[in-house]
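Participant: Here the protein sequences come in this chain order: P and X.
Just so you know, the working numbering puts 250 at position 250 of the first sequence, and the rest follows in order with no gaps.
Just so you know, the working numbering puts 608 at position 39 of the second sequence, and the rest follows in order with no gaps.
Please keep in mind that the hints were generated in silico from the structure rather than gathered at the bench.
Treat the hints with care, since some could be wrong.
Only some residues are given here: those of chain X computed to face chain P with a beta carbon under 8 Å [what the hints assert, rightly or not]:
no.	residue
1	Ser654
2	Thr683
3	Ser689
By construction, the Cβ of each residue, glycine as well, lies at the ideal position given by its N, Cα and C atoms.
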Amino acid sequence: MTDETNNQGIPEPEGASDIIKTDYDIGQDNIETQVGPFPVDIHNPVFVISALSVILFVIYALVAPTHAGNFFSGVDASAVEGCEPGAFCDIGLRAFLTSTFDWFFLMAANVFVLFCLLLVVTPMGSVRLGGADAKPDYGYIGWFAMLFAAGMGIGLMFFGVLEPAYYFGTPWGDEPLGVVRPFAEDGTLIEANVQEARRMALAATSYHWALHPWAIYAVVALSLALFSYNKGLPLSIRSAFYPILGDRVWGWWGHAIDTLAVFATLFGLATSLGLGAQQANAGLEFVYGIPNNITVQVILIIGITAIALVSVLRGLDGGVKVLSEINMVIAIVLLLFVLFAAGATAILGEFVSGIGAYFQEVIPLSNPFGREDDGYREGWTAFYWAWWISWSPFVGMFIARVSRGRTVREFIICVLIIPSLVCVFWMAVFGGAAINDMIANPDASAVKANVIDSYAPELSLFAMLDSLPLTSITSTIGIVLVIVFFVTSSDSGSLVIDTITAGGKVDAPVPQRVFWCTFEGLVAIALLIGGGLTSLQAMVISTGLPFTLVLLLMCYAIWKGLVAERQSH
Amino acid sequence: MFKRIMVPVDLAHAERLEKALGVAEDLAQHYGATVVYVGVAAATPSSVAHTPAEFAAKLTAFAKARAAQSDVTAEAHAMTSHDPSTDLDPTLLKAVGETGADLVIMASHIPNITDYVWPSNGGTIAGHAKVSVMVVRA
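Bound-form chain P, shown alone:
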């Protein structure tokens, strides 16, 4: 009687996969106990070291804000004796890394894109994540909504107007590939240069938001999904290193890797949450005249954290997925509004020529050598690459969590190609509308006033919406969208941190994710009040350099893993 109904509740046998035999049992290093009334199940020592080191760094940033700020973000060289402009003491660790290693970041990102495209066209693309017969956990819409909301949503809100408008009119010498300027010194339009400046602005923006960032996420996500679903290793960053480090990943090597990932994720989220609250507050002031001060920002952080808490308590399907889908619908509404309000025909033309311009310029833009546009290449491109890479453990792990059942080819197409098209489209719409506004009326354009004439990046989106009809409604939608995108990053981030600090277990007690979600909000509030958001964010982005090496190793591990997977069939 026992053998006939052994797996009715499960989608059919999972088919052949190449399980890695290891002596490690998932959860063997965990401590399962009761703290007061709360059950806990945490990885020792990753949980403890992560939590303690986060607290220590917050204290460091609060007690020695100048030291932290100087080290990571630099000081004003003119104010300090013996500090030359452009030296380490002037620019800080982050800018030092992105200006010294710009070639390394650019070349590595190119490798990731080529590697992903290679997987699509080779037979490796047919390997299915979760075993040959696994069925996808999520439909396309829910899956796509989640990977987009976690990975990039908030950036699109912040940079969608800012970046194209900035490249179009920048007077600070960081024109992409040294393109011509459309504005003369006195602010008048130079008609002859407009077309070229506009084309390059869209190409240069798309370059930062299309194939390269998504390839970075895809590499991390693919390696985690492969080593977890097909090889049976715990869903944790350390598992991707098994082919390189072997059983050492279960010891201190692995602890260090996982702790670093938790650290980057938690600080990345907390600092963006703090900076995001400042941006949302600036928007609220611009639109409604709500005072711009710490109290309002703390209330915003508490509100965002509270919604994120409800979401993590409702879980992956009932919370994170639902919010991501709501988010996608609101974003589409806003996108369509801007598209039609700013002139659909012209903008669609912009999209088509934007794709053309992207393909024309992507090779010159991604070549790090023999260029003179240091401001763009080091200040923007290398900065972005370091930033995406420092976020990749979090976004990659979240994408892996929801991508079981897809083939590698399907995975890459959906994580690389489709989001790239969406991003290019978004930039064409928001950036196109903003550039139109700057061209149509250079003197009265709010975009030009807030991006070029004085630099107030957090207002760029609202300035563009100001030039279109129904401003108060669309700005409100914009603020809601910013807030909900933060919630979706915060809840998915808490799930990821909880899983890593529980040794790869996804069924750890719920109070633990409540802890991480709350902790993240508290860190954001502490840094907001005490100062240090910018310097700690600079620190997180600095982790992009070691992680770049890690990602290159991951490509090798993925290839090895896929070859073994195909041989097992």
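Given chain P, put chain X in place with the hints provided.
Facilitator: Showing chain X alone in chain P's frame:
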């Protein structure tokens, strides 16, 4: 009286369930019912199994061992869940329908302060299942 008794089991902590398992098997003998052991796991590797298929096989082995030990007929019914920490209740309620159980017997901890925020699984199942539910305190 009862034909199919569903018993949710956590294979990672089977030792804590001894009392509930014993009650279920005694009642099954008494009524000549079949015991259906239900396990819920995520698709990600866990401390119990590396894949859903391996999990189902382990649950089947568990059912076989219990059946042999207590001389009842037993079945295993494995369920996957995207997020077992939060989806356990709805998944178990679904399992009641899928297994055709007419009685659920499940272990539950002694309630404490956290039950005001996170109700116990046993309490939730008893509150929502359409069949009889017997909650056995640890």
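Participant: For every hint, state whether the structure bears it out.
Facilitator: How the hints compare with the structure:
For X:Ser654, the suggested interface contact is upheld, since its CB lies about 5 Å from the closest CB of chain P, less than 8 Å. At about 4 Å, the closest approach between the beta carbon of X:Thr683 and any beta carbon in chain P falls short of 8 Å, and the interface hint on this residue holds. Annotation: X:Ser689 was flagged as interfacial toward chain P, and the flag is violated, the nearest CB pair being 11 Å apart, outside 8 Å.
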